[in-house]
Every structure is written in C-alpha cells, then in structure tokens.
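Each protein sequence line maps, in turn, to chains D and S.
Start counting the first sequence at 320; every next residue gets the next number (this note's numbering).
Start counting the second sequence at 320; every next residue gets the next number (this note's numbering).
Calculated directly from the structure, the hints in this document are not laboratory data.
Some hints could be false.
Pairs involving identical chains hold if they fit within one copy or between any two copies, as the list cannot separate such chains.
For lysine-lysine, the following DSBU-like pairs were computed, each having C-alpha atoms within a straight-line distance of at most 30 angstroms [as the list claims (entries may be wrong)]:
#1 LYS468 x LYS519
#2 LYS534 x LYS484
#3 LYS534 x LYS389
#4 LYS519 x LYS542
#5 LYS534 x LYS412
#6 LYS460 x LYS484
#7 LYS519 x LYS389
#8 LYS412 x LYS519
#9 LYS542 x LYS484
#10 LYS519 x LYS471
#11 LYS468 x LYS389
#12 LYS412 x LYS494
#13 LYS519 x LYS501
#14 LYS501 x LYS460
#15 LYS389 x LYS542
#16 LYS471 x LYS324
#17 LYS412 x LYS460
Listed below, chain by chain, are the residues.
2 protein chains.
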Amino acid sequence: MKIEKPLILVTNDDGITAPGIRALISVMNQIGDVVVVAPDSPQSGMGHAVTINNTLFCDHVVVNQNEPQKEYSCSGTPVDCVKMASRQILDRKPDLCVSGINHGSNSAINVIYSGTMSAAVEAGIEGIPAIGFSLLDYSMKANFEPAKKYVKTIVENVLANGLPKGVVLNVNIPKLAEKDIKGVKVCRQANAHWVEEFDKRTNPNGREYYWLSGKFINEDQGKDTDEWALQNGYISVVPTQFDLTAHQFIEQINNWPLND
Amino acid sequence: MKIEKPLILVTNDDGITAPGIRALISVMNQIGDVVVVAPDSPQSGMGHAVTINNTLFCDHVVVNQNEPQKEYSCSGTPVDCVKMASRQILDRKPDLCVSGINHGSNSAINVIYSGTMSAAVEAGIEGIPAIGFSLLDYSMKANFEPAKKYVKTIVENVLANGLPKGVVLNVNIPKLAEKDIKGVKVCRQANAHWVEEFDKRTNPNGREYYWLSGKFINEDQGKDTDEWALQNGYISVVPTQFDLTAHQFIEQINNWPLND
Numbered sequence: 320m321k322i323e324k325p326l327i328l329v330t331n332d333d334g335i336t337a338p339g340i341r342a343l344i345s346v347m348n349q350i351g352d353v354v355v356v357a358p359d360s361p362q363s364g365m366g367h368a369v370t371i372n373n374t375l376f377c378d379h380v381v382v383n384q385n386e387p388q389k390e391y392s393c394s395g396t397p398v399d400c401v402k403m404a405s406r407q408i409l410d411r412k413p414d415l416c417v418s419g420i421n422h423g424s425n426s427a428i429n430v431i432y433s434g435t436m437s438a439a440v441e442a443g444i445e446g447i448p449a450i451g452f453s454l455l456d457y458s459m460k461a462n463f464e465p466a467k468k469y470v471k472t473i474v475e476n477v478l479a480n481g482l483p484k485g486v487v488l489n490v491n492i493p494k495l496a497e498k499d500i501k502g503v504k505v506c507r508q509a510n511a512h513w514v515e516e517f518d519k520r521t522n523p524n525g526r527e528y529y530w531l532s533g534k535f536i537n538e539d540q541g542k543d544t545d546e547w548a549l550q551n552g553y554i555s556v557v558p559t560q561f562d563l564t565a566h567q568f569i570e571q572i573n574n575w576p577l578n579d
Numbered sequence: 320m321k322i323e324k325p326l327i328l329v330t331n332d333d334g335i336t337a338p339g340i341r342a343l344i345s346v347m348n349q350i351g352d353v354v355v356v357a358p359d360s361p362q363s364g365m366g367h368a369v370t371i372n373n374t375l376f377c378d379h380v381v382v383n384q385n386e387p388q389k390e391y392s393c394s395g396t397p398v399d400c401v402k403m404a405s406r407q408i409l410d411r412k413p414d415l416c417v418s419g420i421n422h423g424s425n426s427a428i429n430v431i432y433s434g435t436m437s438a439a440v441e442a443g444i445e446g447i448p449a450i451g452f453s454l455l456d457y458s459m460k461a462n463f464e465p466a467k468k469y470v471k472t473i474v475e476n477v478l479a480n481g482l483p484k485g486v487v488l489n490v491n492i493p494k495l496a497e498k499d500i501k502g503v504k505v506c507r508q509a510n511a512h513w514v515e516e517f518d519k520r521t522n523p524n525g526r527e528y529y530w531l532s533g534k535f536i537n538e539d540q541g542k543d544t545d546e547w548a549l550q551n552g553y554i555s556v557v558p559t560q561f562d563l564t565a566h567q568f569i570e571q572i573n574n575w576p577l578n579d
C-alpha cells in the first residue's frame, strides 16, 4: 500500500532565497511533498495586497538541485503567490500551506501588515489549513535552528487535528537558544499599535521625500497575549480569523437612527 | 462663541482625482473642516500594505481652488496616507477619517483586499473613528449622487454616537437610483471568496506572463449578511474589527499536545 504524503505549499514574504523560507522548506521536506511558490523579491509589509493593475510573472526555478521540492518564483505579492499556486500550479488542493519563517515579529497588530500572515490567511480563505511562522529576529543572518523542532510539532498537530473553518494560525518564535524556549502558548493578539516617525530627506533634485519608520507600542499587559508569551520565553500561537465582523456591536449600531 | 467644526481626514484607494473621493469631499465640506491625504495613483487591491522598502513623496496640491479643503497627494498606499496624515500633516488627531467613495464593492471578503477599508482600519488602529464607503459600480463614470444623502446620515451618526473601541464601519451602497434605495441595514460580513482565473499571455520577448482576474462566489445566503442587504436594495453597514483573534478556538487548540 502506498501511503500518500501530505502536499505542502510553502511561501513567504522575504523572497524565495531568504534563509527563513529555506529553513521552513527543510522541515517540510521531512513531512510531505513540498511545492514552493514564493516572491522573487522582498514583500515585507505588503499586507493582503493583490496585483490587479500590473502583470505577473511566475517561473519554475531550481534553488538547490539536491533538494526534492518543486519551486516557483513569482513577481507578485505573497497573496498573489498563494492564488497562483492554488489556481495555476498545483494539480490538487494542498493539505497545508505554511508561510515564513519570517525574519521579524508578526505578533499583535503586526499580523495585519504582514505579507507572511496574509499569505496564510489567503490560503485559509481558500479552505486550506494554514500557518504563518515568524522569528523575532529581523537579521538575514538569523538562526532558525532552535525554531525547527517547534515548527515540526505545530505542523504535525495541524495535520493531525485540522483547523476550525475560517481559522489560520499565527506562530511567533522568540529569539532564544532552544534550551531557553519554555514551550508553546495559545494566545490572543495583544492590543498594540505603531507610532510612526517619518524621516524627511531631500533628494539630489531638491525634492523632499520620506522614509517610514516607527516605534511599536504595546499597551496590553494581559498574560493571555502573544506579546506576554514572547517576552516570557514562549512560542505564541494565535488562532486568527478573516471574518472581520464585530458581531458584538451589530445590535448596538442597529439602534442608531440610520433610517429616520 | 466659536463652534469648532469636526476635523475630517479624507482618503481613498482610487487616487486623489477619482470621482468617488471628490463626491465624498463635497459631502464632508458640509459637515467639517476637511483635509485630504490620498494616493497620487490608483491603489486598488493594496490591502493593508505599507511602504517600508521604498521612499514616499507627499505634496500639497490644489485640485479645485474654489473648494475649502486642504489636499495632499502621496506616492504611497492608502495606509501610508493615513499614517502620513496623522503623524506628519495634521496638527491634531482628526475627529473622523472617511475613505472612498470606492468605485466598486468592498462587501464580504473584499474587505480584506480593499485599500479603501484598510485606510479606515488603519485610522481605527490609531484610535480615530473611521468609515469606508464603497459604491457597487466599478466605472469611473459611476453616479455618486444617490449615495450622498446616506453618506451624510451615517457620518452624522458616527460623529454623534462615536464608535466602539476597535471597530470601524464598512459601508457598501447598491448601484440604484435614490428612490430605489430601501434604507440602511447593519449586517455581518458574508462568507464568500474569489475563484481566480489567470489569463496567461506571451510578451513581445516570448516570456509568459499573467493577468489576475476571477469570479466572486458567495456561498452565504444569510439574510443578516451584507451581500443579502445589497442584493435587496439596502445599504450595508458592517462593524469591522482588527483584533483578528478567533477567541472561541483558543481553548480547543490549547488541548493539543503542543508541549509533549
């Protein structure tokens, strides 16, 4: 009897050659048949953007000929990559989509700006169980080794248990040695925001321009949040949904005199 | 006694010269002091993208010198425009941010791809009451006149009542004559998705490329949904949140053997 391995779609937002996706591919090759469809250039902060006013290129590539996965490099956003994979490249619906491992945090409100998480959410919208993984280290030299064991455990749990309809997982991993990671905590998204600073400069033609930067402000000290877990040595797992309805306020707003 | 008018930030994703934002500005000028910070080019489908790997330009412009509002044209995404407005342009926190009126629907899952709604959500994250408006007509020649009365009513209600913390409004308006609009319904986001079709072509150099298009599939027949309201002649108002946590599944996933 042939036991079919799960079909796993891998993508990210740092681009197909980023160390984070290479680490994720190496773990997924231990679990299933892997197809990579990832951006040909960095797409950090692209959120749930899709390319509708421009063309898309998507090419079969071989990044390392000793590895078994099939790989495609795509000119679009992370969400484009998932759509391209599921509608154009794959013969069947994948059993799982994993995105990352992102170089940098996607905890708290970062989930909404994150190309990594938007790719996972897009897979979720298409009914594919999906997980976004992020390591709290922005460096391109980040060490992904301590994360690998936990990535494998979480993926195996999702394959074994499935995910509730309409839910994907947002997994963030602290920048710690493996021995210092205390375990995995299922959390809620902390209530936090960015306070932007615009760095104003003048270009050689005398025109003013800006670089966007900012500070992350966490105003939520709850011990059930992803921020608390990460600050205390745990890997955070937030079940994340794409029904954005604030159901609890429908009745209240329905009492407004909107039809008077 | 000087009565201070509300300070209203106006943005959109179709670009600062789109007829939809011009209609929205004309209504807002009846209500408050208006500052426009909007993209210098179409940004549809940009979702919650922010510009972190490129520079931003933002210039004071005069689109119509007979109108009282101040206007700024920005090279970034709709979310960039909101950040630029609140951190760089405005002297004080606006009393309201309105985005649109979008040329085309942002009902159901479209909320997540929409630059219009992402601008409103960004304002919400910054604690500014915010509303995204969309008309179900993609044409640049769309007629925004029937929408104006309802836009004004909804804005006046939000200014009078405020919005719950963490909630913005997603307002969609059917393409109907004013007499045929039945009223306003507060709804939940319908459970729907897109099935993409990639239109494959070959460029003059022989390289294959794609255009993303697709069909919108609504699998949700609930009469409490935005899709139902719009199909039945109502304006839909969905209270929309940016805490993406699927709180109801935290306990279930916590029972997985993630720490064994």
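Going down the list of hints, with the structure as the test:
| no. | hint | in the structure |
| --- | --- | --- |
| 1 | LYS468 x LYS519 | neither (43 angstroms within a copy, 40 angstroms between copies) |
| 2 | LYS534 x LYS484 | between (34 angstroms within a copy, 22 angstroms between copies) |
| 3 | LYS534 x LYS389 | between (39 angstroms within a copy, 28 angstroms between copies) |
| 4 | LYS519 x LYS542 | neither (38 angstroms within a copy, 50 angstroms between copies) |
| 5 | LYS534 x LYS412 | between (40 angstroms within a copy, 18 angstroms between copies) |
| 6 | LYS460 x LYS484 | neither (36 angstroms within a copy, 39 angstroms between copies) |
| 7 | LYS519 x LYS389 | between (44 angstroms within a copy, 21 angstroms between copies) |
| 8 | LYS412 x LYS519 | between (47 angstroms within a copy, 21 angstroms between copies) |
| 9 | LYS542 x LYS484 | both (27 angstroms within a copy, 21 angstroms between copies) |
| 10 | LYS519 x LYS471 | neither (44 angstroms within a copy, 36 angstroms between copies) |
| 11 | LYS468 x LYS389 | within (23 angstroms within a copy, 55 angstroms between copies) |
| 12 | LYS412 x LYS494 | neither (34 angstroms within a copy, 36 angstroms between copies) |
| 13 | LYS519 x LYS501 | neither (42 angstroms within a copy, 49 angstroms between copies) |
| 14 | LYS501 x LYS460 | within (23 angstroms within a copy, 59 angstroms between copies) |
| 15 | LYS389 x LYS542 | neither (42 angstroms within a copy, 44 angstroms between copies) |
| 16 | LYS471 x LYS324 | within (15 angstroms within a copy, 57 angstroms between copies) |
| 17 | LYS412 x LYS460 | neither (34 angstroms within a copy, 40 angstroms between copies) |
The structure does not agree with the numbered hints 1, 4, 6, 10, 12, 13, 15, 17 stated previously, though it agrees with the rest.
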